[in-house]
Amino acid sequence: MATVGFFWYYGSPKYTDVGYRPIQPVPFSHKLHAGDLGMDCRYCHSKVEKSTHANVPPTQTCMNCHKLILPESEKLLPVRESYATGRPIEWTRVHMLPDYAYFDHSAHLRAGVGCVSCHGRIDRMDVVQQAEPLSMSWCLDCHRQPQKHLRPVNQITNMDWQPSAEQISFAEKQIKELNINPPVDCSGCHR
Amino acid sequence: MEDKDKFDRHGYWRSLNELAGQPEFKENLGREFPETVLEGLAGLSRRSFLGLMGASLALAGLAGCRKPVEKIIPYVTPPEEIIPGIANYYATTMPMGTDAYGVIVECHEGRPTKIEGNPRHPATRGAANAWILASILGLYDPDRSPKIIHKGLENNWNDFVAFWRELDKKYSTTGGEGLAILTEPFSSPSLFNALQMFRRRFPRALVKSWSPVNYKNSLSTLENAAPGKLKTVYSLDKAKVILSLDSDFLAAEPDNLAAAADFVKGRKVDSPLDSMNRLYVVESNYSLTGAMADHRLRLSPDHLSGFIRALAGELIRRGVNINLEPASETPSAFSFDETWIRALAEDLSAHKGEGLIRVGGTHSPELGLAVYHLNRALGNIGKTVTYYEARDTFDDNLAPENLLAKGTGDAISTLILLGVNPVYASTGDNEISSALAKIENTIHFGECFDETAEHCTWHIPAAHYLESWGDVWAADGIAGVIQPMIAPLYDGRSTVELWNLLATANDETGYEIVRRTWAGILPAADFENKWRQILHDGLLDNSASKPIEINFADESKIVINDSRATTSGKLNLVVVPDTSVFDGRFANSSWLQELPDPITKLAWDNAALVSIATAKNLNLQNGDMVRIDDSDTAVPIWIQPGISENTVVMNLGYGRTRAGRIGTGVGFNAYKLRHKKEISLEKTGGRHHFANTQEHGAMEGRAIFREANLEKYRRDPKFAEKMVEHPPLKSIFKEHSYDQGYQWGMTIDLNSCIGCGACTIACQSENNIPVVGKEQVINGREMHWIRNDRYFVGESDDPRVVIMPMACQHCENAPCESVCPVSATTHDKEGLNVMTYNRCIGTRYCSNNCPYKVRRFNFFNYTKDMPETVKMAQNPDVTVRFRGVMEKCTFCVQRINRGKQAAKKENRTVRDGEIQTACQQACPTKAISFGNILDPDSNVAQIKKSDRNYALLAELNVKPRNTYLARIRNPQPDLMQFDSDMEKE
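In order, the protein sequence lines correspond to chains A and B.
FYI, my numbering numbers position 135 of the first sequence as 135, with every residue one higher than the one before it.
FYI, my numbering numbers position 108 of the second sequence as 108, with every residue one higher than the one before it.
Take these hints with a grain of salt, some might be off.
[Unchecked claim] Here chain B is said to cover these stretches of chain A; the calculated rule only asks that three of the stretch's residues, wherever they fall, bring their Cβ under 8 angstroms from a Cβ of chain B:
#1 27–36
#2 90–98
#3 104–111
#4 178–187
[Said to hold, decoys possible] Facing chain A, from chain B, some residues (calculated, C-beta under 10 angstroms):
#5 V76
#6 P84
#7 G85
#8 I86
#9 I341
#10 G741
#11 M866
#12 V878
#13 T879
[Claimed, not checked] Only pairs whose alpha carbons sit at most 25 angstroms apart, straight line, appear in this in silico SDA-like list of lysine to any residue:
#14 A/K47 x B/N907
#15 B/K67 x A/S117
#16 B/K829 x A/P182
#17 B/K147 x B/K871
Keep in mind that the hints were calculated from the coordinates and are not lab data.
Glycine is no exception: its CB is placed at the ideal position from the N, C-alpha and C atoms.
Next up, chain A with everything else stripped away, as it sits in the complex (with noise of 0.2 angstroms):
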């Protein structure tokens, strides 16, 4: 019984994955420009609704602002560099989801799912970590009950966002609206 309980939780993403914050090759702080500055997610990871993928921000992005803003920081110098001689720079992934699962991101903006659900209170990462386990059974329980985690569509990347009195009864007419049908079979995923 007890090696179960142990395996149970010790092995399972909740334990392994929650919280892994590994180190990124420029000390970028989500607190400072999601957070005081206030951009919007959508600003770097400009794909997001359109693709399967969020894109990380190419180095241009952060050039866009960085060329003038602290150009000689020595904070920025990988991105400098980065931009100067064509490498880019590889940051370390943090929400891996196995190869076999097949993730979209569009569709899930598209239904009204927040950037915070998934990811947490990134405005209040200096570095990022994994806030929530992703594991298939935590992704069911919102495919099973949508209504308790949809936001309104233009809410997706206000991270103060709460949930009203009438959670249940607005999400059920925005599926409605929307057509929103989370699948909850393998093919939705699996490919």
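For this one, chain A is given, so just place chain B on it according to the hints.
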């Protein structure tokens, strides 16, 4: 329910062993994966294996717990049009000699992964054949040469340019004396410009073209009466009676895609009131065209001319105006089947202007001319067969053994070989390699360091067409541009760039050259827009040329020779290009090598095919090695029911010695025998092991392939369903209703399927299907998700052939789902049988339970040694499977998901035809239809209402979503006795 006697009654068999009821065949039937010697010898028992595993697990501990580090590598400056995760589609054209195939290439993040046909291009019409689909693997072939080689050492392009400029200076003074080019034929304005410039600057240079398989051979005499080189366009959709004289137009002739699509238009039968065209085939080999024939006559090649003569005689008797020269010699004693020829002549003469006679393109110009005259007399010219001027075409066919022969060969001091491999592909045991050694400078331009490159002083790697700029004219003159999908992977140059250098000594990029050509063709005003339009569409609309008239100066008598008498004791040798490797250029393509030949079902091999009677006379069995004449070459025998008597057929393209890791040493070189018309065989006593898939998954006795004559169909339209009697189908479980949302289903029209195998390769390309190699194919472990099962019907030495594509039937009551212990295979609410690879533990019970045997198991880690470049060819939208995991057709669920997501984003439902499975898209005849069966207006829902619709093994109550449409044949009433096996009902 089933009775074993049904097997005999229907008369469908897959191999001679099955027909003879050999005990090995019956034994192998029970096992999906036949026993091999190795299995018997494996010492480790299951019990000890499990014991060992248990112990090692206890010792393994938690060593693998560390999270793997994955990197995300974004762009520095992103290209505007690339969105990571979304594929881009670009149009280009695949050149194959003088022919052009318009394609659309799916590119992920700047690298091409899948090729599809361009719906607007007349040569492909949205479809593709196995060669086009497999060319993506050719791009990523790890055996392509990476660097320029000069006398055995690596070199670079700039040094070559300097070298050429030296030669250019030298030859300019002599007008090109001693300079020679041997190139593969082309039909391209840019290359033609370069050729003309080269000829102007070096008037005394020898410039010749050559290809080992030349489908324009039969046109050459005709071209003497025409304004220039010809391209033929056949309108098979307008023909009601078609005669093919050894012309495999459905699979091998250059217009195969268009011919297949047009031919099948005349065979679509939706109601008993529809009429069908009729196909007569006369051939020595068994080709796919022969398999589709309503009537097939096997005739050895020595009698072909005599047959045409006899046919001409019958046509004259029916009032067709043919000015036939009387036979000069005593006619041969061979008597043709009178009834057959008479019925054929009846049909042809009754359909003047609506008939078509086609002779194989590789046949002699005399036969080509004779057939032209017959077509002309029947009024078919301009209606079903039209001639066009071949623009900018260079195709004057001089064999290398003639170019390098004593005399001309001695005068050559610099020879440039562009895209040709004469050391491998020239005919007979000639001395090309030693002739090459005598020439001071030999420059070889080709994709890999092949047999010819070994003997040349320079080797320049050729860029693949997917990496090149270029242009090419299609058959009816439609212009197409070749644009690159990716920068050249290696240090190669494209054909236009090299030609330009040779002609002008300038080193320019392909882009500049091709743009300059088109600036000369397109009107100057609005050039940029027109140029972008041509790149976007893949072709220039409204650029088709006008058909031309061929006028013969005098109305002399037509000469058709009589049958050639074969020396007794000798056999006729027929050498044909292969359906997989063509003339050998695709020998290093693992997909094409593993694709079984559609009729013989041989994979990874070729053989000397003989008929049953010939084999009996010479006491030959499958796999016996025989010596041809007195040569050292020994080839293995394969007995092929249905090829003509006294004939040996061999496929070209095998026996290569320097093709790369896949193609080297596979099969036997038929080029060395090609010059022989007659041969004798002698058993050497050796044996050869073949990988043949004909007996894999045999399904005995049951009405698998259902067909009927047109007469029977008219009398009884629902004959297909009635062929199997079964009690009412009731399930003990409560069945799902499947009445909401999308419900995916598919139909396969057996009347349209020609068995070409394009679907198999398309599926392989789209779904990352691994290649297992010859040994594993022998074990029955080939991984094709959709396969073509070939059945023979009728008497053993002159059977009919029917081909049935077989993929996962996506049964609603799937027998595989209920037996999976870990629920790795489930049913989704849209009707798909879904496979979750990560859950599969490899019990293989699902495959055991599948009545169609469409589940494929990864016995080994087939992707372990995948070369880096081949990894680039994998489709990122589909999981790459590991060892121990079962896989099968998913109805291209990645395309379904993509289609649904795209539709959702636009707040609409998926339109019919928007989601196409890879097999459906590639099929030249559009035999496969896929879509939402709940939508009454969808194509697939309407096809499923057809009378010909039947579900395979429906009596098992598996409720497959994939159904078939039975085949209808259209035999001539006078020849009905030849099809008596169909009339037993």
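Status of the hints after comparison with the structure:
1. 27–36: violated (count 0)
2. 90–98: holds (count 6)
3. 104–111: Since three or more residues must qualify, the claim that chain B covers the stretch 104–111 of chain A holds, with 4 doing so at under 8 angstroms.
4. 178–187: holds (count 7)
5. V76: holds (4 angstroms)
6. P84: Holds, because the Cβ-Cβ distance from B/P84 to chain A comes to roughly 5 angstroms (cut-off 10 angstroms).
7. G85: Nearest chain A Cβ about 4 angstroms off; hint holds.
8. I86: Holds, because the Cβ-Cβ distance from B/I86 to chain A comes to roughly 5 angstroms (cut-off 10 angstroms).
9. I341: Violated: closest Cβ of chain A sits about 56 angstroms from B/I341, beyond 10 angstroms.
10. G741: holds (8 angstroms)
11. M866: Given a least distance of 15 angstroms, the restraint on B/M866 is violated.
12. V878: holds (6 angstroms)
13. T879: holds (4 angstroms)
14. A/K47 x B/N907: holds (19 angstroms)
15. B/K67 x A/S117: Holds: B/K67 and A/S117 sit about 23 angstroms apart, inside 25 angstroms.
16. B/K829 x A/P182: holds (12 angstroms)
17. B/K147 x B/K871: Answer holds: B/K147 to B/K871 is near 21 angstroms, not above 25 angstroms.
Going down the numbered hints, you'll see the structure goes against 1, 9, 11, while the others check out.
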